[in-house]
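Asks: Sequence:
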Amino acid sequence: MIIDVHAHVYARPLIPKANGLTFMSAEQQVQRMDEKGIDKAVILPLNSADGPAERQSMGEVLSICEAHPGRFIPFCEIDPRRHDWHTVDDFLWGLEVYQRAGFVGFGELTCRLPFDDPKLMALFGACEKIGFPVTFHTSPPEKPTYGVIDTLFLPRFERVLQAFPELVFFGHSGSFWSEISGDLSAAEKEGYPKGPITPGGTIPRLLRQYPGLNCDISAGSGFNALTRDLEFTWGFLHEFQDRVLLGLDATDVELDFQHIEWLQQAHADGHITIEVLEKLLWRNADRLIGLELGG
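Taking my numbering, the leading residue of the sequence shown gets 1, the next gets one more, and so forth.
Think of the hints as simulated: they come from the structure by calculation, not from any bench. Values in this document were obtained by computation on a predicted structure and should not be read as measured data. Among the hints, erroneous ones may be present.
[Unchecked claim] So the derived label-pair ranges between C-beta atoms look like this:
| hint | residue 1 | residue 2 | range |
| --- | --- | --- | --- |
| 1 | Ala18 | Lys194 | 33 to 43 Å |
| 2 | Arg55 | His271 | 36 to 46 Å |
| 3 | Thr198 | Leu293 | 35 to 45 Å |
[Said to hold, decoys possible] Simulated crosslink set (DSSO-like; lysine-lysine; CA at most 27 Å straight-line):
| hint | residue 1 | residue 2 |
| --- | --- | --- |
| 4 | Lys17 | Lys129 |
| 5 | Lys194 | Lys143 |
| 6 | Lys129 | Lys143 |
| 7 | Lys143 | Lys119 |
| 8 | Lys36 | Lys17 |
By construction, the Cβ of each residue, glycine as well, lies at the ideal position given by its N, Cα and C atoms.
Build the full structure now, drawing on both the sequences and the hints.
Replies: Right, here's the structure in full:
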């Protein structure tokens with residue numbers, strides 16, 4: 001079994017990205033999944049005005065799931081800045097509608113609000129109550145991009161972790177994964193730092209202190225964090241084997257991320273056990289999303 005926890009899938013993508021390619025259609029995504037042996041993928045709709053793609057209705061997500069039974073897992077997304085929802089109960093009402101329709105999680109959260117903004121705190125409170133895991137993309141305030149806003153060492157996100165101890169988070173993005181090393185500077189936070197990982201990184205510290213935090217290894221950001229210092233990586237994956245989830249985030253047909261092949265080779269070379277490999281490839285996703293696919 002392989003579960004990709006980070007996919008973006010459209011019924012009919014139209015507007016291209018800067019490279020001239022659109023996000024993947026459902027048919028393109030299924031073909032890629034078949035090529036890589038992926039059984040299921042989580043659809044993360046991008047429904048914020050700050051997102052890097054066309055906004056997507058939740059009805060479209062459900063239609064894609066219905067057209068390809070058994071292949072996709074639907075997450076929902078709400079732009080928390082909508083004018084008429086302010087409280088936990090407001091957001092909970094909307095999430096309950098989505099849950100009854102079949103959604104099982106929230107994300108990808110990409111809005112340009114500080115992590116501890118009152119609107120986001122209300123949303124997080126609702127997600128905690130309903131039991132939806134939250135996949136987020138974070139970036140610093142000075143960067144003209146998308147993603148929930150936080151600064152070096154993720155202080156605002158830590159306040160969120162303290163406020164919602166039962167909420168499950170899947171952390172993602174360059175600004176998240178750069179925090180794996182203790183020598184990170186503000187200038188490198190949004191990039192893909194290279195070289196040895198030093199002790200004292202924010203991610204290992206937060207993982208040790210807050211059980212709700214988990215790591216989505218998708219895209220170049222997650223892959224860079226795992227491959228930049230292999231001496232560190234094997235210990236990290238052993239210590240946090242229950243908190244790391246496979247994702248690809250392949251946003252167009254030309255992207256061919258090698259996360260699965262790399263993890264399988266790491267097992268073949270004796271760096272991770274078959275038990276750890278299975279946790280990373282699907283068991284952690286199964287447990288944390290509540291899919292109940294296997295024992």
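Asks: Hint by hint, say whether it matches the structure.
Replies: Here is how each hint holds up against the structure:
For the pair Ala18 and Lys194, the supplied restraint of 33 to 43 Å is violated, since their beta-carbon distance comes to about 24 Å. The supplied range of 36 to 46 Å is met by Arg55 and His271, whose beta-carbon atoms lie about 41 Å from each other. At roughly 38 Å, the beta carbons of Thr198 and Leu293 sit within the given window of 35 to 45 Å. For the hint linking Lys17 to Lys129, the alpha-carbon distance of about 36 Å lies beyond 27 Å, and the restraint is violated.
Our distance criterion of 27 Å between C-alpha atoms is met by Lys194 and Lys143, whose separation comes to about 20 Å. Distance check on the hinted pair: Lys129 and Lys143 sit about 32 Å apart at the alpha-carbon level, beyond 27 Å; violated. For the hint pairing Lys143 with Lys119, the CA-to-CA distance comes to about 21 Å; that is within 27 Å, so the pair holds. The suggested pairing of Lys36 with Lys17 holds, with an alpha-carbon distance near 24 Å, which does not exceed 27 Å.
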